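Number of protein chains: 2
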Amino acid sequence: MADYRVPREDMRFLLNDVFQVPADWQQMPQLVDMMDADTAAAVLDEAGKLAEGLIAPMSRAADEQGVSFDNGVVTTPAGYKEAFQQLAEGGWVGVTANPEFGGMGLPKVLSAQYEEMLCSADIAFSLYPGLTAGAIMTLDLHGSESLKNTFLPALIEGRWTGTMCLTEAHAGTDLGIIRTKAEPASDGSFALHGSKIFITGGEHDLAENIVHLVLAKLPDAPAGTKGISLFVVPKFLVNDDGSLAERNAVSCGSIEHKMGIHGSATCVLNFDGAKGWLLGEPHRGLAAMFTMMNYERLGVGIQGLGAAERSYQNALAYARERLQGRAGTPQQRTENAADPLLVHGDVRRMLLTMKSLIEGGRAFSTYVGQQLDRAKYAADQAQRERAEQLVALLTPVAKAFLTDTGLEATIHGQQLFGGHGYVREWGQEQLVRDTRIAQIYEGTNGIQALDLLGRKVVGSGGELLRPLFDDIREFIAAPVSGWQTQYLVLENALNSLAGVSEAIIAAAESDANVVNSVAVEYLHLLGYVCYAYLWLRMATVAEQQSEQTALTHAKVKTARFYFARILPRIHALIPAIQAGSEALFAYEYDEF
Amino acid sequence: MADYRVPREDMRFLLNDVFQVPADWQQMPQLVDMMDADTAAAVLDEAGKLAEGLIAPMSRAADEQGVSFDNGVVTTPAGYKEAFQQLAEGGWVGVTANPEFGGMGLPKVLSAQYEEMLCSADIAFSLYPGLTAGAIMTLDLHGSESLKNTFLPALIEGRWTGTMCLTEAHAGTDLGIIRTKAEPASDGSFALHGSKIFITGGEHDLAENIVHLVLAKLPDAPAGTKGISLFVVPKFLVNDDGSLAERNAVSCGSIEHKMGIHGSATCVLNFDGAKGWLLGEPHRGLAAMFTMMNYERLGVGIQGLGAAERSYQNALAYARERLQGRAGTPQQRTENAADPLLVHGDVRRMLLTMKSLIEGGRAFSTYVGQQLDRAKYAADQAQRERAEQLVALLTPVAKAFLTDTGLEATIHGQQLFGGHGYVREWGQEQLVRDTRIAQIYEGTNGIQALDLLGRKVVGSGGELLRPLFDDIREFIAAPVSGWQTQYLVLENALNSLAGVSEAIIAAAESDANVVNSVAVEYLHLLGYVCYAYLWLRMATVAEQQSEQTALTHAKVKTARFYFARILPRIHALIPAIQAGSEALFAYEYDEF
Numbered sequence: 029m030a031d032y033r034v035p036r037e038d039m040r041f042l043l044n045d046v047f048q049v050p051a052d053w054q055q056m057p058q059l060v061d062m063m064d065a066d067t068a069a070a071v072l073d074e075a076g077k078l079a080e081g082l083i084a085p086m087s088r089a090a091d092e093q094g095v096s097f098d099n100g101v102v103t104t105p106a107g108y109k110e111a112f113q114q115l116a117e118g119g120w121v122g123v124t125a126n127p128e129f130g131g132m133g134l135p136k137v138l139s140a141q142y143e144e145m146l147c148s149a150d151i152a153f154s155l156y157p158g159l160t161a162g163a164i165m166t167l168d169l170h171g172s173e174s175l176k177n178t179f180l181p182a183l184i185e186g187r188w189t190g191t192m193c194l195t196e197a198h199a200g201t202d203l204g205i206i207r208t209k210a211e212p213a214s215d216g217s218f219a220l221h222g223s224k225i226f227i228t229g230g231e232h233d234l235a236e237n238i239v240h241l242v243l244a245k246l247p248d249a250p251a252g253t254k255g256i257s258l259f260v261v262p263k264f265l266v267n268d269d270g271s272l273a274e275r276n277a278v279s280c281g282s283i284e285h286k287m288g289i290h291g292s293a294t295c296v297l298n299f300d301g302a303k304g305w306l307l308g309e310p311h312r313g314l315a316a317m318f319t320m321m322n323y324e325r326l327g328v329g330i331q332g333l334g335a336a337e338r339s340y341q342n343a344l345a346y347a348r349e350r351l352q353g354r355a356g357t358p359q360q361r362t363e364n365a366a367d368p369l370l371v372h373g374d375v376r377r378m379l380l381t382m383k384s385l386i387e388g389g390r391a392f393s394t395y396v397g398q399q400l401d402r403a404k405y406a407a408d409q410a411q412r413e414r415a416e417q418l419v420a421l422l423t424p425v426a427k428a429f430l431t432d433t434g435l436e437a438t439i440h441g442q443q444l445f446g447g448h449g450y451v452r453e454w455g456q457e458q459l460v461r462d463t464r465i466a467q468i469y470e471g472t473n474g475i476q477a478l479d480l481l482g483r484k485v486v487g488s489g490g491e492l493l494r495p496l497f498d499d500i501r502e503f504i505a506a507p508v509s510g511w512q513t514q515y516l517v518l519e520n521a522l523n524s525l526a527g528v529s530e531a532i533i534a535a536a537e538s539d540a541n542v543v544n545s546v547a548v549e550y551l552h553l554l555g556y557v558c559y560a561y562l563w564l565r566m567a568t569v570a571e572q573q574s575e576q577t578a579l580t581h582a583k584v585k586t587a588r589f590y591f592a593r594i595l596p597r598i599h600a601l602i603p604a605i606q607a608g609s610e611a612l613f614a615y616e617y618d619e620f
Numbered sequence: 029m030a031d032y033r034v035p036r037e038d039m040r041f042l043l044n045d046v047f048q049v050p051a052d053w054q055q056m057p058q059l060v061d062m063m064d065a066d067t068a069a070a071v072l073d074e075a076g077k078l079a080e081g082l083i084a085p086m087s088r089a090a091d092e093q094g095v096s097f098d099n100g101v102v103t104t105p106a107g108y109k110e111a112f113q114q115l116a117e118g119g120w121v122g123v124t125a126n127p128e129f130g131g132m133g134l135p136k137v138l139s140a141q142y143e144e145m146l147c148s149a150d151i152a153f154s155l156y157p158g159l160t161a162g163a164i165m166t167l168d169l170h171g172s173e174s175l176k177n178t179f180l181p182a183l184i185e186g187r188w189t190g191t192m193c194l195t196e197a198h199a200g201t202d203l204g205i206i207r208t209k210a211e212p213a214s215d216g217s218f219a220l221h222g223s224k225i226f227i228t229g230g231e232h233d234l235a236e237n238i239v240h241l242v243l244a245k246l247p248d249a250p251a252g253t254k255g256i257s258l259f260v261v262p263k264f265l266v267n268d269d270g271s272l273a274e275r276n277a278v279s280c281g282s283i284e285h286k287m288g289i290h291g292s293a294t295c296v297l298n299f300d301g302a303k304g305w306l307l308g309e310p311h312r313g314l315a316a317m318f319t320m321m322n323y324e325r326l327g328v329g330i331q332g333l334g335a336a337e338r339s340y341q342n343a344l345a346y347a348r349e350r351l352q353g354r355a356g357t358p359q360q361r362t363e364n365a366a367d368p369l370l371v372h373g374d375v376r377r378m379l380l381t382m383k384s385l386i387e388g389g390r391a392f393s394t395y396v397g398q399q400l401d402r403a404k405y406a407a408d409q410a411q412r413e414r415a416e417q418l419v420a421l422l423t424p425v426a427k428a429f430l431t432d433t434g435l436e437a438t439i440h441g442q443q444l445f446g447g448h449g450y451v452r453e454w455g456q457e458q459l460v461r462d463t464r465i466a467q468i469y470e471g472t473n474g475i476q477a478l479d480l481l482g483r484k485v486v487g488s489g490g491e492l493l494r495p496l497f498d499d500i501r502e503f504i505a506a507p508v509s510g511w512q513t514q515y516l517v518l519e520n521a522l523n524s525l526a527g528v529s530e531a532i533i534a535a536a537e538s539d540a541n542v543v544n545s546v547a548v549e550y551l552h553l554l555g556y557v558c559y560a561y562l563w564l565r566m567a568t569v570a571e572q573q574s575e576q577t578a579l580t581h582a583k584v585k586t587a588r589f590y591f592a593r594i595l596p597r598i599h600a601l602i603p604a605i606q607a608g609s610e611a612l613f614a615y616e617y618d619e620f
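Chains as they are written, first to last, in the numbering used here: chain A, 29 to 620; chain B, 29 to 620.
Please note: incorrect hints may appear among the correct ones.
Sample of chain A residues at the chain B side, in silico, Cβ under 7 Å [unchecked claim]:
#, residue
1, Gly281
2, His285
3, Thr357
4, Glu363
5, Phe589
Covered, in the sense of this in silico footprint (three residues per stretch, anywhere, with C-beta under 8 Å from a C-beta of chain B), are these stretches of chain A [what the hints assert, rightly or not]:
#, region
6, 201-210
7, 533-545
Calculated from the structure, these hints are not laboratory results. Keep in mind that this is a model prediction, so the values were computed, not measured. Glycine included, every Cβ here is placed at the ideal spot set by N, Cα and C.
Based on the provided sequences and hints, a complete structural model is requested.
Below, the structure written as structure tokens:
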């Protein structure tokens, strides 16, 4: 496997040149004194050193060793504990956390790039700090002062870690039917009874304590999703002075044996009267948990991006080194008996498909990160609201599209290696296995698509599309010379997207199954249109740079590649969406 | 995991109703007395019992246990040895082999269905008899009487197994640069020196002897692929009476640790002066090996089909049993707190995508199998030649398209299980891992696409497309009432395929990179058009059956689904192909 190198140049190009994020910061009262382009570069350099030098080198061995379970005790792979401590000491667990409790308070647009590095280095490892960051945010937003003071400082320091406990054996996507119960105790706490599965980082040896955020039902809970409450349940109870008290009645019953992310402990957690505290309002736990879920969802999307980048770096190195077959034209040929793989059109097709999806995805995650920051920090209320709408629309797209294209990219990166891509020691097949989970957890990509098309697009009567469409139409209104064809193609694609959106909104009035039937294709259509918009932004900005580099040249060429070879995928999606639900619901049960 | 059930009804429908294979047999002098519909059904029933009852139940445990290596000795998973012996005793190793040496001599169209069963049961296991069948065929076609008498009977009995030894560490796709040498000895044999990698079944404990077919270079060999010869190198030398003599100087140096097919031993084989015999003409070994490769390639395609079928059966069972979420309309709802997954549009999308690709793929493999039999057995020379052309054209499509769609199908089948799909015990992730190799070995799918577009289509100036196009145009010429729209769509798709074929043939005259740049998309385009043709054939035949069943109803509906939701993919492929090589070859090396 090639050494992982953070794509610093592309990250800076996006931050400073394409999205001009430092100009945003100057308008944000909470960030203006703290953030500028140099600070951002310095922060990312530090993070990059950890990802490159500390975490990435251990990912292959961690996959082989995996997590072990012995009578309730979970041991993580060699090196994880030391790496996590080093990360914590650098303040990276609390990278976006509230400075009031010791967090760095960095904007999301930077943390998204930091998260990408971590995921390129090792998705399995990244989940421990990632889930902790989500728990920190949820506690900070919904916790009482007492809960925040008890739990936030140690979580932010990385002395403790966090989890989210949602799924039960019979209830995954459908949380309305969970059975875990919370009985009120006389001291204001609750006793939790039940069993949760698929709990990432539910038990491990990286930290002194684990803070579980647990969905459960109060005795008087209404049925369904409106009767779910959220509780904080620590592995060890905490004394008033912050020291650890006795072990709580929560234990790890077993761990899962999975396709990938072998370094991540996926636990069955049994709550046998475990002591917990209500977080937020009774029966409003799902809304509070969705704070965390939405935060995690961009992060999960970034897992697909990070793995794809790692796979690309390996594949490109291999394509340069591996001599196999002859180039198409004599001019391309070397003096060896065979030429590097990179001379072959089909190898270039795989690499450029990866590259265009990865860099398009990085631009997309930066775009969403910028909107998350505007929603949180912008001085102007109208700008905050507009950014919130964009985030609401694009969060499911980021989660699903970055991971769907991430899997595609890692599969190309594996294929390019031929048989070596199937052998574990080369690392490419691990990236496929590790990425695959990101399409499944934190709400499957099918559920993301339903959220996008059902709740967001149809649910708003199309209103939630407007800020995105306005952004793209404003961009299209001032086409840059030399790119007229692509501007026109983008405009047509946007019109098609608008057209099918209207058609589905209309059809949904009389067809309860249409959203469910075409949501995944719709999400992909929207994703490809967004990438087209972002590629054209990147290319035109690249052309205008005073200093022309390999990166700016490549941006221009990859934009052309994306429009020529990838964007045409929308012509498959549009008629499939237009076909609606009919072909799916014609079947009797026994005809499947 | 659901119990695997052979899709007997669909297999018979294809054999008897759609392709009317028994009518073919009546015109084939070598088969007329041996084969009819009842015999075929009886043969497949017997094979089905072995696949369902003997092999499928051990696949999950075999994946966990894997193959072990200890100082040159390879041990296969528990149960493999007994299962292989039982298969051998039933005559199934020599299922298509020459009856003169003890084979069953069954037509390929039947053996393709038998192979599908074996691959659904366990791809890893299927490789041991599969490679042996390929070695039998190569020996039968190219061996001297002496070699045939020495090796064929024991191979056909399944007392010995076969391998194909092509790849070396530096030479995978590019066999012209292999280094293994064969020195002539005074007794007419040769001493082989060299090292081969990725040798499936190169060493194991299933059989008394292993017969390696090895590519190597004679001392006077010209450079490149025209200097490669083929040798028979047994693990144990053979006495004149057929008994085993001393161990030959070939040994297993190690085995690979792979993403999947853990029950298959993938070996490094070291030849240290191993004794071998020339098979076929000197320097013509690659052509002889391609006999085996071409035979294997349909078989490798069928691996994708078989795994997809198994994944579908599991996914369908899960979609019926798992209660999660509510149906779109009140009429669909059950009395439970949640409805079966099968009510959801997105679940149906995944299942029907799988079903339409699997049954389309089964029709395609049956179609190719029928052509293979016509090429071998037809009394009429013109029919034989026409069938040979179809086989030449469609073999790379079968290998690549069945495995690309096979991976897609197994990924849907995994996704449908949510988190459980990622956990090993449920079996769905294993099917993804096991299928993935089929896109890589026996010539990567990129190489198959190059073979199709470069050697077959452009190489023949388009002539090799004609028998396929004639078949489809003849079918289109008599449209069945109720399907006019689909006939028109098929005709347009065929015209598009013909159009881009002509355009590429013309472009290739001046652009050495165009074939290499668009071959994969072209192969997919041709695949989707073939499936559309076969779906329309299946649907119209199904409608005409006197007895209407769940299968015939489903065929009609799935054909409509395929045209509505899958075939539109060609609208993404066509413009991507038309974009040619330009976007790929604009890059300098440092711009990737």
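The hints, checked one at a time:
1. Gly281: Violated - the Cβ of Gly281/A stays beyond 7 Å from chain B, reaching only about 14 Å at its closest.
2. His285: Because about 5 Å separates His285/A from the closest Cβ in chain B, which is inside the 7 Å limit, the hint holds.
3. Thr357: With Cβ-Cβ at 5 Å, under 7 Å, it holds.
4. Glu363: Hint on Glu363/A: violated, closest Cβ of chain B at ~14 Å, above 7 Å.
5. Phe589: Constraint on Phe589/A satisfied, holds at 4 Å.
6. 201-210: Check passed, 4 qualifying residues.
7. 533-545: Check passed, 6 qualifying residues.
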